[in-house]
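Novice: Chain residues, written in single-letter form:
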Amino acid sequence: MKQTFTIGIGGAAGQGVATPGDIFAKIFSRRGLHLNAYNAYQSIIRGGHTFLTIRTGPEKVTNMGDRIDLLIPLNQDAMNRHLKLLTRGAACIYNAETIKPGVAEEGVALCPLPVSKLADISRNKVAQNTLAVGAALSMMGIGFQALEQVLTEQFKKKGEAVVAENVGIARAGYEYASANFKPFAWPLPMANNRYAVLSGNIAMAMGGAAAGVKFYCAYPMSPSTGVLHWMASHARKAEIMVRQVEDEIGVVNMAIGASHAGVRSMCATSGGGFALMSEGLGLSAMMETPVVVIDCQRAGPSTGVPTKTEQGDLWQMLGAAFGDYPRAIAAPLDIGDCFKIIPEIFNIADRFQCPGIVLCDLLLSEGRLSVDPKDLDFAPVVDRGELITPMSPIRGSNGDGAYKRYKITDSGISPRAVPGVPGYTHTAASDEHDEDGVLISDEFTNPTKRRAMMEKRMRKVRGIEAAVPPPVLSGPRDADVTLIGWGSTKGVIEEACEILTEQGISANQLQIRWLVPLHGDAILDILKHARHTIIVENNYSGQFARYLRSETSYVPNGYIRKYDGEPFMPHHIVEAVKEQLGGASKISVPTHEILV
Amino acid sequence: MATALVDPKHVTMSDFKGKVDPDWCPGCGDFGVLAAVQKALVDLQIPIHEVVTISGIGCSSNFPGFINTYGMHTLHGRALAVATGVKLANHELTVLVTGGDGDGFGIGGNHFLHTMRRNVDLLYIVMDNQIYGLTTGQTSPTSRVGMKTKSMPFGNIEAPANPISLALAAGATFVARGFSGEQKHLTELIKQGIQHKGFSFLDVFSPCVTYNHDNTYQWFRPRVKKLEEDSAYDSAHWMTAMEKSLLWGDEIPIGKFFERTDLPALHEAEPVLNGSALLQQDPRIPPDIARSFVEELM
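Protein chains in written order, with the working numbering: chain U, 1 to 596; chain B, 1001 to 1298.
Worth flagging that the hints you see were computed from the coordinates, not collected in a lab.
Hints are supplied without guarantee of correctness; some may be wrong.
In silico lysine to any residue, SDA-like type, Cα no more than 25 Å apart, as pairs [said to hold, decoys possible]:
id	chain 1	residue 1	chain 2	residue 2
1	U	K60	U	K157
2	U	K237	B	E1268
3	B	K1019	U	N193
4	B	K1191	B	P1153
5	U	K340	B	E1295
6	B	K1191	B	D1234
7	B	K1197	U	A191
8	U	K157	B	E1296
9	B	K1019	U	D431
10	U	K374	B	K1019
Selected chain U positions facing chain B (in silico; Cβ < 7 Å) [unchecked claim]:
id	residue
11	P183
12	A185
13	A196
14	M206
15	E239
16	E246
17	G250
18	N253
19	M254
20	L283
21	L376
22	F378
23	G420
24	P422
25	T427
26	V438
For glycine and all other residues, C-beta sits at the position ideal for the given N, C-alpha and C.
Build the full structure now, drawing on both the sequences and the hints.
Specialist: Dropping the structure here:
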């Protein structure tokens, strides 16, 4: 099993859970360690219970893992909820003056800090947090200098006195722990790498910038708002126009308008906002004006659980807007992929003049991962397709008055002229139209033309399929069990496969990134060799399983589903696989044992 | 005298003639609006490829198909949102939005409100016939109380919206009302609306000869009174405009109610637009900027 170290920090919103989290993340990534962070929280600004897990290690860390090595409860509630999760070798650092420990399992070190003796708590309200960070680093075997540097950066805007005060408190915690607490058995190693630590939302926003997005608009909606925040705060440097719009209907239509005028446009929302956008997707498809929409899934239906994750929007994406039309739907596999997928889907949307949907979820959107800066490529391949702009040197083949915006072609793609180019005036229409853009919906309806236009648009589906690679199997071909997942579950399934293999059950993984086009034949080809297949997904009804069956008639041997708002942990999958291979059941719904 | 040479760039009425003839009912008020728009564009000598005519859905929203400019026929009620995107991406274009009262004040009401407060530089022409025509005659947001329609056969019991007062309250920087039966006057208002830097709202009485038997040409003609005929009327004065907007009865004012020119249009206030249109900017992120984005995260 890979060596990792996980810290859990719990407290009420507003108590400062994020700051120690950020400090640990910085220190780990600067040590050259990988990390994955997940924050379980609620829709509240002050109060409630927030639980941040940061998992680090020398190898790639893809999920929150199964074990907490260090618990830092910032209040009694956090202690009561989580102490029982700790097992032998773990430790709990807490404020001895305000928090009473419960009964800990044998081998768990309780590390009480005499907070008021170590710091002036009348002056510094978060002294307990800073002391705990200092103590933790001492126990992890990390030199104090690393912490001093991060604190100095963090507080330098507030002046030298604040820096000195915080460094002093941290040092007191560090020294107290060195003298009184037993260090962890596994001191955190050091490596010569440097990683960027980012959320999926930041990754998608930066991916947009890399793809050449010039127009971004949104209506705030958790968990997608992080994309808007990055875009807004970097708008000037990136020269991206960022607008906050009155509702998601306005958002998608404004993005389509900007795209129609010739710039790459993007917007992000969550399931409820996407529902409002769906008519707009039909417009994009019918006018053949590309647009890229990010959907950061949260637990539904309705307004659902705004701060919890789910993979419950798949059928909404598949069925968004009435009528048949070509679309592309991609689900990023991890936070690094959140960046890469944006330029890729823009190329598809631009080339095939259709909507592109990125199906992300809260787990990736708001989780954080260490990513190699080399994987954040700001000069990706950009393919704008057959686009005629006032700046394009070659004006396409059918200009000079004979231009037909919706010219019927073998590929279904018609050269797209944007407003402002002399000689290419036309009307782009939401109603059905002929090659020339003239409506055939009212006075001039015509079944022959309608059929021809429908077939023209739908011919693009073939092209999209050829432009997108089919999924591949990872792991040994003749494994005992094949786990099938899509999008954000990649990391946790990967780790479950490793654990299963170590335990004598060989496992491989088929992770789906492109949901549309699905490449059903390629999937069937892979699965026909599989001995026992299980579809793993974060929803109630098995949305992907139903989709796969509808496209391929394929029925797997079993299902693992979770719809409690929290992501899978590796042992959830491992235990369910064993249960199913033993014939105990075909559907497993693991219980989330962390109370958040 | 030398023979007058025809300027190849000179645009004429025939340049703006659409690919198909309008399919509106004979006598529909929208014909007058179409002709006035074409005339205004000729008077202003705006090349056809620099104009984008954008509509939603409804009888009057078929407008873009009947004029030769760049056109967009979008979703019901969404034309202003689409048009905002178009204008922000390429503010060098002249953007006209054309639609009806149901499209703009009913299903599109939210976008109407916000496009006005944003002061997006475009001319929004509402062909207001106080009825839903394409769906064969139901009550609209501007139908008068008591009006009998297929959806309210016992008479409308809801108060109508007052588009002029609404526009004034929402901060529109150019607010006018025209009448399809007053061609010259209407053409002048359209020209002023196009030339105004910011959001121009032009509500046009455009009678529906098929479904609205109350508010007909004959009904409007004796009632409409041009504000321009009152030399004392000051369209820079918001309160006066608001008072005038409330008049409805024997006298219904048409003309320019209000205009202010001291506020920047949205694209003028937008920080990333310093001179060149968004479309003309290089979309690539320079390597040093890209590096700084990544460094922030380390």
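Novice: Determine for every hint whether it applies to the structure shown.
Specialist: So, going through the hints one by one against the coordinates:
1. U/K60 to U/K157: 33 Å, violated
2. U/K237 to B/E1268: 18 Å, holds
3. B/K1019 to U/N193: 63 Å, violated
4. B/K1191 to B/P1153: 40 Å, violated
5. U/K340 to B/E1295: Holds, at roughly 18 Å.
6. B/K1191 to B/D1234: The hint holds at about 19 Å.
7. B/K1197 to U/A191: 59 Å, violated
8. U/K157 to B/E1296: Roughly 16 Å between the alpha carbons, so the hint for U/K157 and B/E1296 holds.
9. B/K1019 to U/D431: 16 Å, holds
10. U/K374 to B/K1019: 53 Å, violated
11. P183: 28 Å, violated
12. A185: U/A185 check fails; min Cβ-Cβ to chain B is 30 Å, beyond 7 Å.
13. A196: 4 Å, holds
14. M206: Since the shortest Cβ distance to chain B is 6 Å, the answer is holds.
15. E239: Cβ of U/E239 sits 5 Å from chain B, so the hint holds.
16. E246: Check passed: Cβ of U/E246 comes within 4 Å of chain B, closer than 7 Å.
17. G250: 4 Å, holds
18. N253: 4 Å, holds
19. M254: Interface hint status for U/M254: holds (4 Å vs cutoff 7 Å).
20. L283: 5 Å, holds
21. L376: Cβ of U/L376 sits 5 Å from chain B, so the hint holds.
22. F378: Status holds, d = 4 Å.
23. G420: 6 Å, holds
24. P422: 5 Å, holds
25. T427: Since the shortest Cβ distance to chain B is 3 Å, the answer is holds.
26. V438: Hint on U/V438: holds, closest Cβ of chain B at ~5 Å, below 7 Å.
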